[in-house]
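Q: Put together the whole structure using the sequences plus the hints.
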Amino acid sequence: MMEGLIVFVLIGFAPFLFVGIINRVKAIWAGRRGAPLLQSLYDFVKLMRKGQVVSGTTSFVFRIGPTVYLGGVLLAALLTPVPGAGAVMGFAGDFLLFAYVLGLGKFFLILSAMDTGSSFEGMGASREATFSTIVEPAFFILIGSLVLLTGHLSFEGIFQTLNAISGYTVLVSSLSVLCLFLMLLTEGARVPVDDPNTHLELTMIHEVMVLDTSGPDLAFIQYASALKMVVVATLMAHLLVPPDLPAWASTGLYLALLAATAGAVGAVESLIARLRMSHVPQFIFLMTALAWTVFASVLFFSQGDF
Amino acid sequence: MTLVLAGLGLVFSGGALAALAKGNAGRLISTITTLASFLLLLPPIYSVLTGGETRQMVLQWSEPAGMVRFVIDPLAAFFMFIIALGGWLSAFYSMDYMRAYREDAQGLSAYYFFLHLLIASMLVLVIVQNAFVFLVAWELMSLASFFLVSFENGKEEVRKAGLYYLVAMQAGAAFLIAAFAFMSFKAGSMDFARFSEVFHQDAGLSLWMFLLFFVGFGAKAGFFPLHTWLPLAHPAAPSPVSAILSGVMIKTGIYGLLRILLLMGPPEKGLAMMVFLVSLVSGLFGVMNAIAQRDIKKLLAYSSIENIGIIGMGIGLGMLGQAYGQPGLTVLGFSGALLHVFNHFTFKSVLFYGAGVVYARVHTRNIEDLGGLIRFMPWTATLFLIASLAISGLPALNGFVGEFALYYGMATGLLSASPGVILLSLVGIAGLAFIGVMAVLCFTNVFGVSFLGVNRRPFAHAPGEASGWMLLPMGLLSVLIVLIGLYPPITFPFLQQVVGSLAGEAAPALRTELGVLYAPVVRAIGLFALILLGLFLLRSWMLRNKRIAVFKTWDCGYQAPGSRFQYTASSFAAPFLSLTRAVLPVTRRLLRPQGLFPEDASFESRPRDLADVVLFSPLLGLLRKFFGLFTWIQSGKTQRYILYGLVFLLLVIIWIVGGG
Chain V
9 MMEGLIVFVL IGFAPFLFVG IINRVKAIWA GRRGAPLLQS LYDFVKLMRK
59 GQVVSGTTSF VFRIGPTVYL GGVLLAALLT PVPGAGAVMG FAGDFLLFAY
109 VLGLGKFFLI LSAMDTGSSF EGMGASREAT FSTIVEPAFF ILIGSLVLLT
159 GHLSFEGIFQ TLNAISGYTV LVSSLSVLCL FLMLLTEGAR VPVDDPNTHL
209 ELTMIHEVMV LDTSGPDLAF IQYASALKMV VVATLMAHLL VPPDLPAWAS
259 TGLYLALLAA TAGAVGAVES LIARLRMSHV PQFIFLMTAL AWTVFASVLF
309 FSQGDF
Chain F
45 MTLVLAGLGL VFSGGALAAL AKGNAGRLIS TITTLASFLL LLPPIYSVLT
95 GGETRQMVLQ WSEPAGMVRF VIDPLAAFFM FIIALGGWLS AFYSMDYMRA
145 YREDAQGLSA YYFFLHLLIA SMLVLVIVQN AFVFLVAWEL MSLASFFLVS
195 FENGKEEVRK AGLYYLVAMQ AGAAFLIAAF AFMSFKAGSM DFARFSEVFH
245 QDAGLSLWMF LLFFVGFGAK AGFFPLHTWL PLAHPAAPSP VSAILSGVMI
295 KTGIYGLLRI LLLMGPPEKG LAMMVFLVSL VSGLFGVMNA IAQRDIKKLL
345 AYSSIENIGI IGMGIGLGML GQAYGQPGLT VLGFSGALLH VFNHFTFKSV
395 LFYGAGVVYA RVHTRNIEDL GGLIRFMPWT ATLFLIASLA ISGLPALNGF
445 VGEFALYYGM ATGLLSASPG VILLSLVGIA GLAFIGVMAV LCFTNVFGVS
495 FLGVNRRPFA HAPGEASGWM LLPMGLLSVL IVLIGLYPPI TFPFLQQVVG
545 SLAGEAAPAL RTELGVLYAP VVRAIGLFAL ILLGLFLLRS WMLRNKRIAV
595 FKTWDCGYQA PGSRFQYTAS SFAAPFLSLT RAVLPVTRRL LRPQGLFPED
645 ASFESRPRDL ADVVLFSPLL GLLRKFFGLF TWIQSGKTQR YILYGLVFLL
695 LVIIWIVGGG
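Quick note, the sequences are listed as chains V and F, same order. Counting the first sequence from 1 gives a position; my numbering is that position plus 8. Counting the second sequence from 1 gives a position; my numbering is that position plus 44.
No lab work stands behind these hints, which were simulated from the structure alone. Among the hints, a few may not be true.
[Said to hold, decoys possible] Here are some of the chain V residues that sit facing chain F, going by a computed Cβ distance under 10 angstroms:
no. : residue
1   : I72
2   : P74
3   : A137
4   : L263
5   : A264
Only a predicted model underlies this, so the values are computations on that prediction, with no experimental measurement involved. We put the beta carbon where it would ideally sit given N, CA and C, even for glycine.
A: Shown next, in the form of structure tokens:
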């Protein structure tokens, strides 16, 4: 019961805070005071209470797209275990459903962008679909390597066993964290893959897909994207929280790591510029390379005598 | 068995009757007889699949066939169901679709005759246990489908595609004939049961025989690099035929492989690895090429190659499990393969029927000319969307169900003790994920460009919705897609016997195993449905009595956007294709604008098939060159031909006199 409560509170607030921290870090870095930490929550409430402007060319796909997208991310969040609290739902093979339900959301997000018949939104949709083709296999290689290392087929089993094995998992863990951080930047549409603050449609990916979305639908999409970042950050935190801590300590450490991840995203965003669109695939391929490195080191260690 | 014979007879005689009938009667006869035979076949199929006794019938025939056994075992029953259902649905769909060709009475007669012949021959070949009759049925199937593919033989491209198809099928059949002939020579009988003994006696022989069978059946199924006929034959055929070719006929190649596996027993490790890797390459290659296509039916044909690859990965996984003695892998591999055989039949048929509706209403297969069709044909669009989601393997639809078994199987393969299996499993997981996400790209592209947005070219007349005759088969299959996706366990009673026979495991144990595996998935999908319901309620509650203004799409302040401004399928796929240039050869023809007042400039790009460019074109070129050496024989002068005859006679006489 307690676990469920923690997860629901997290799902409710963490995404807004996560975005708030990113923006605060960027503001401080740039010498500004920055918006309140919960600014995106206020935006969410405001958007939820608005009416809508919809394009006359759209069909029902455009109307259900954002909702399905959010639904997919929500289910993925419920499948993600929280350190110290566990997952609302976890089973052998849950990581498959996790990745595929996010894929379902993406499918609808792409279609609702194409439904407007806008060339900008088509451009964003095309980029989103293309970059996913690199991210997804890398994610599966990474999780597959962790399955191989721990002998468990569920998120919970993997994370509980991973840090308890021996010293060498530190290497695997840190490589995996880096790999997942790249996934967070890509899936969360952050610099250097995408710039959420850009004003030029031609250089956007995620923002351009929602040009025609307004009101509650836009609120759903913004919240879902933030939640997606929190979900990936949760997976990252799992790799860093040591085992055998009392539940309250691991949850506390987890929250601190979540904030630190948000800070790291903000720092990256302050330090480097968005990559040229044609260089983005190379950046994401780094994730694939890292995933294969994880696999190689797991294979090396598990076959050797360590 | 009586029911089966009656069903078979009905299909065959129905075809003959429909061919002879005048006017509309033919179409009606065809629909009724295929439905009746489907219903007649259902009870035996149901009973065999759910654990009833296998039905058998033995005929004594003259040489070379000898004893001919017709056996309905679970494997045969599984494929019979797909054939009979697919046959009926295509006949039903043809009711309206083929009306466009009603002037061509002769062509239509032939169409119905060969459609029924195709269904009947497929039914025979899955139940017969005799090499001779099997090959006869196999050839009948190839011939019948050749005539169906060349239905519109007035068109040059159709004739070409038909001939290519025929040659490819005969080349594949040559391998099968060789393999079967050798096997029956060794076994001293044409009966499959005797083959099994030969396989078990001689391991070296079974290796080579399996390779021959794999090439022969693989050419039919469409494994890389033997797939080149699919993207030619499917667009040429009328849509109900494409649906039956892709949904049903190519699966007979899968049936053949499984049948040989059943006879052969646990395979060599190397064979299992080969099947797995060839399938993985087929899957990747198929979907990559599908992304590059503009012709909707060509795209679907490449996607069939992809799905055959996924099915083959399941078979390969099952074989790996057998070879390495890991029953869990075997069960999951074969379950995944068979689930995907059925699932692919459902969604690929819907997609081809949908493409047929588009072709019948808009008269083009080029998706670049389409757009906004969802407003003209909302039902077709919705069903096409459901099938697109399913074929991308997304959850809550049946495509995910089969792929889940495969992923799970490969994940357990990671826990194996053998490094080979570990490596293959990880490569397989990454590969299947890559295939899945490329399918998302491919099908968001085809659905988004053809059905969403606005039409890119003016339609000659507003395209109407599909008729009930066309919607019913699509709707029926979509119900199956959703049902299996929401509640996978409904398939287990029909799966347990056939997977059990392949994996050599008791059916009840297998069913419990699958039940345990899928129970949490069912719960999670239920939860997902609840979440979606909640969100939709929240959304409509928030939007109640709010102003919803309808305006045009944001155009960046530009005031005169045209429908040609939309993103095209080519540009949607371009970023991805630029990453995969190495394996996707594209011919580009660019005419640059010249001078101060350029008059014409054009750009054309045409995706080409790597297997064709690297393998078949050079090979066929060499063959042509070789046979070119003998063209002087064909002089066209009658006197010379008479001379050839005389020389030949002379040689024969010398041979008889000298030798005898």
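Q: Does each hint hold? Answer for all of them.
A: Status of the hints after comparison with the structure:
1. I72: holds (8 angstroms)
2. P74: holds (8 angstroms)
3. A137: Where the cut-off is 10 angstroms and the nearest Cβ of chain F is about 4 angstroms from A137(V), the hint holds.
4. L263: This interface hint is violated because 25 angstroms lies over the 10 angstroms limit.
5. A264: violated (29 angstroms)
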